[in-house]
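Listed below, chain by chain, are the residues.
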Amino acid sequence: MQNAINQLLDSANQIILGKPRQLRLALCCLLSRGHLLIEDMPGVGKTTLAHTLAKLLGLNYQRIQFTSDILPADILGASVFDAQNHVFKFHAGPIFNQMILADEINRSTPKAQSALLEAMEERQVTIEGNTYELPQPFFVIATQNPSHQIGTFPLPESQLDRFLMRLELGYPDHDAERALLTGQSRHNLIESLPVQLPSEHLMRMQQAVAQVYASPALLDYLQAIIAYTRESPDYHCGLSPRAGLALLTAAKAWAFMDRRDAVIPEDIQAVLAAVAGHRLRSGHSHSDAIVAPLLEKVAVH
Amino acid sequence: MSAEFNKSTLIFLLSSIGLIVFPHVYHLPVAILGFFFLLLGWRFIGIWKPGWLPSNWFVLLLTVLGIALLYSQHRSVFGRDPGTSLFVIGLALKLLEIKTERDIYLIIYLAFIVAASQFLYEQSILMGAYIMAVCCVLLAVLVCINSLRPQTLPALKTAAIVIAQAMPIAGVLFLLFPRVEAPRWMLFTEEPQTRSGLSDSMEPGSISSLGLSDELVFRVKFKGAIPPQAQRYWRGPVMTLTDGRQWTQSANRHFNRFLDQPEFTGTPYQYTLLMEPQDKPWVFALDMPAKYSSSLSLNANYQLISSEMPEKRAEYQVTSYPQYNTGYITKTEYQEATQLPGKPSGKINQLVRQLHGFDSPPETYIQQLLGYFRKENFYYTLTPPLMEDNPIETFLFDTRYGFCSHYAAAFVYLMRVAGIPSRIVTGYQGGELNKVGNFLEIRQAHAHAWTEVWLQDKGWVRFDPTEAIAPERIEQDINVDRQIASGVVTFVSPDTKTLAAFNWLKGVRQLWTSADYNWQRWIINYNSLSQLQLLASWGIQNIKVMLYWMIGLIGLITAVLSWFLLYRKQKATDRVLRLYNRFCKKLVHKGIIKNDNEGAKDFAERVKTQLPEQSEQIDQITAVFIKLRYGRGSNPEDLKRLHQLVSLFKA
Chain A
1 MQNAINQLLD SANQIILGKP RQLRLALCCL LSRGHLLIED MPGVGKTTLA
51 HTLAKLLGLN YQRIQFTSDI LPADILGASV FDAQNHVFKF HAGPIFNQMI
101 LADEINRSTP KAQSALLEAM EERQVTIEGN TYELPQPFFV IATQNPSHQI
151 GTFPLPESQL DRFLMRLELG YPDHDAERAL LTGQSRHNLI ESLPVQLPSE
201 HLMRMQQAVA QVYASPALLD YLQAIIAYTR ESPDYHCGLS PRAGLALLTA
251 AKAWAFMDRR DAVIPEDIQA VLAAVAGHRL RSGHSHSDAI VAPLLEKVAV
301 H
Chain B
1 MSAEFNKSTL IFLLSSIGLI VFPHVYHLPV AILGFFFLLL GWRFIGIWKP
51 GWLPSNWFVL LLTVLGIALL YSQHRSVFGR DPGTSLFVIG LALKLLEIKT
101 ERDIYLIIYL AFIVAASQFL YEQSILMGAY IMAVCCVLLA VLVCINSLRP
151 QTLPALKTAA IVIAQAMPIA GVLFLLFPRV EAPRWMLFTE EPQTRSGLSD
201 SMEPGSISSL GLSDELVFRV KFKGAIPPQA QRYWRGPVMT LTDGRQWTQS
251 ANRHFNRFLD QPEFTGTPYQ YTLLMEPQDK PWVFALDMPA KYSSSLSLNA
301 NYQLISSEMP EKRAEYQVTS YPQYNTGYIT KTEYQEATQL PGKPSGKINQ
351 LVRQLHGFDS PPETYIQQLL GYFRKENFYY TLTPPLMEDN PIETFLFDTR
401 YGFCSHYAAA FVYLMRVAGI PSRIVTGYQG GELNKVGNFL EIRQAHAHAW
451 TEVWLQDKGW VRFDPTEAIA PERIEQDINV DRQIASGVVT FVSPDTKTLA
501 AFNWLKGVRQ LWTSADYNWQ RWIINYNSLS QLQLLASWGI QNIKVMLYWM
551 IGLIGLITAV LSWFLLYRKQ KATDRVLRLY NRFCKKLVHK GIIKNDNEGA
601 KDFAERVKTQ LPEQSEQIDQ ITAVFIKLRY GRGSNPEDLK RLHQLVSLFK
651 A
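For the record, the sequence lines run as chains A and B.
Heads up: the first sequence at position 25 corresponds to 25 in the numbering used here, and the numbers run straight through without jumps.
Heads up: the second sequence at position 360 corresponds to 360 in the numbering used here, and the numbers run straight through without jumps.
If you're looking for bench data, these hints aren't it; they were derived computationally from the structure.
Please note: incorrect hints may appear among the correct ones.
Said to hold, decoys possible - Where chain B lies over chain A, by a calculated footprint (3+ residues, C-beta under 8 Å):
(1) 65–77
(2) 215–226
(3) 285–299
Said to hold, decoys possible - Only part of the chain A face toward chain B is listed, based on derived beta-carbon distances under 10 Å:
(4) Arg33
(5) Asp175
(6) Ala176
(7) Val263
(8) Ile264
As the list claims (entries may be wrong) - Anything over 10 Å on all C-beta distances counts as not near chain A; from chain B, calculated:
(9) Thr158
(10) Trp522
(11) Leu577
(12) Lys601
(13) Ile626
Glycine is no exception: its CB is placed at the ideal position from the N, C-alpha and C atoms.
Go ahead and model the full structure; you've got the sequences and the hints to work with.
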């Protein structure tokens, strides 16, 4: 199974140049059934990343562009009167897809944001008393602009917590940028991508990830990290129990991708910035800097 | 130069030294302490302004000044006070030249000596606790100096643990170390301090001033039953001579009687007296002492006099009989016991005549007089009005408000007018029972004056005129707390319900005094004699066996402590981790140090770049370690394998 993962990542690396770590983390997030938040400047390839993953995984893909006047119904769907049959008929919104790219989520009002976030959490939508299941697998990649930009409604901490990981893409390095400038259009490349990992495989992998073993010694380290965030004056609020679970799940997925059946401290260290960064200090990007004291000061054993 | 030391360590050190010298405020001359605290303050400023510290030649000048000061204050360099002053001055001067770490160690050792010197002055529990706390701070300074990142609270905690661990060893040394008594000439002489207490003369108001003091005078622990309240007369100086106002002791009291011992009857009371420090060598025995410690002697007035220094707490064993007959009276005694300052006035004579003083046997007259006190309007008060001239007559006929001394003086005066030999006995009456330690506490407020009358065939017989006025003073205990608070004499009566909080406070005070009593009894008074007795009761007869015991016990305690420490360490890290740590230690020789935050896999990658030829071994060790520590199922073979791999690994 891990071969398929590596092939998928290789293909993705052909499209998104110079970002292997971010791609690996994005896939890790997917394997842990989590949702992904990408925070960066416009134009660094957020949409391309989402599109590439959807294509490689053969998932139904829908992009929702969030604007300041978007309404919950534009996301979830609405009941429309059918004049022929004289009944209300539910028209599913764009959320009824396997992979959603919620673009510039922080440009919309909190009301629209919460409609999406609730659906993410429940994996179902209730409209006018009827509950509609969302397709499986269901994966949301939301992007947001740095919150200091004009016309943004920053997501509150409680809603940031719904995202398993937050990634920053950053500018490509010199060589990657040159390759990008000289190469084909990304759009065409994506169109020609084959499906590398069918969704049945993905779901089987997701189940396998849950089976990865975490030993007491590993949990000691995990708890030491959580305890440090709660006690240290560096952090204004510590990691929640949900954050602890998220960290463990992500670490398990990381271990799985590394062909291991048990989590080791390096797995936690690898996913820590992505999982804990936005939970520890919501207003700041640079997750690596946020978790640096944790990595430095908490002893592995 | 001292900038290399951590500022907070220096502040910590200087403050603890200030704390150590502080109790000497009570003992050492102001000039010496002033010199010390001046230099200490100077050193404090020097922490922030190193340039202000004195240069070498100036320190030399200060040294000369310090020695001159020492000599001017004590006129000697030998003895307790000059010795302590010398250490204090030396400590202050050494503070000014902290240049290397060694200087700090030297200062700390000096400070320990100064701390120990406090015990030459005071040996109370509180001082013991204070010195212990201060030693803890000193040890914490040592911990700070030797740690990379000095932190006050963890250092204090470590120091406290060190002290707690040293306690059992100190206890064994205290019990078993041979006690060498210092020869007499080495004992320190002390200047007497003025203390309140009974004096060797009595004026009408002199005892009532003591009534307001709850200062402890002595404690008594009985072997067996405690005598009833009405028999607890603790005999002090006897006042025989009077000028009408002041009563003084007989000059002949030092002539030991060539009389026989008094005849004792009844059940004896055996008890231990623990006298608080006093300025007079008087020991207050229960009326009437028959047997007593060899350091005591009985004077002609049956008062116990100590030959030991009264400046220290002292312990005496005494046996007393409540019933006694002192036998006959000498001529001198008779003369003194009937001495009057002048001819009694007509009023007095008339009163004596009215009470049949001249025409009836003494017993009848005594009863008449006591009855007179009881029936007439006499009042017992702690704050009687001033009676300047002729106090006895003023008291008898005008004011009629008086304390025990007024009644005793009036009674004896009226006896002597009738020609009956009598005298005043001062001392203490009663005592508060400490229920915790089951001993009596006698305080200054228990001071009392009563009388003795010499009767044919009975000898000196005790009469207490106060009993006629205020029987509850004798039968019940004085309520010391309320008396001191309000100046009103009240008594603790068994049937009145007192406030619970008051009882609780009393309980706490009794608990404290009991602890203090036992401290004195078992810690301070533990000398070579009591050590021998204690050891003999354990079957240890000579010093050799004692030393074996001491070495054996200390060895045992050390073994237990070290086993405890080692065992704890073993528990904290499991075997897998210990094997892996051994692997890491081998790599340390190569200069490759594993970071605490580094996982085994990352570390292996790093090591491999430095030791490429051993990559295989490193990978194996790491893989087995990860399997054992983080893997799902691990078996004993894996552990054995790790053990082998680590043993074979050579860095």
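Now for the hints, and whether the structure bears them out:
| no. | hint | verdict |
| --- | --- | --- |
| 1 | 65–77 | violated (count 0) |
| 2 | 215–226 | holds (count 3) |
| 3 | 285–299 | holds (count 5) |
| 4 | Arg33 | violated, 22 Å |
| 5 | Asp175 | violated, 24 Å |
| 6 | Ala176 | violated, 25 Å |
| 7 | Val263 | holds, 7 Å |
| 8 | Ile264 | holds, 5 Å |
| 9 | Thr158 | holds, 21 Å |
| 10 | Trp522 | holds, 46 Å |
| 11 | Leu577 | violated, 6 Å |
| 12 | Lys601 | violated, 5 Å |
| 13 | Ile626 | violated, 6 Å |
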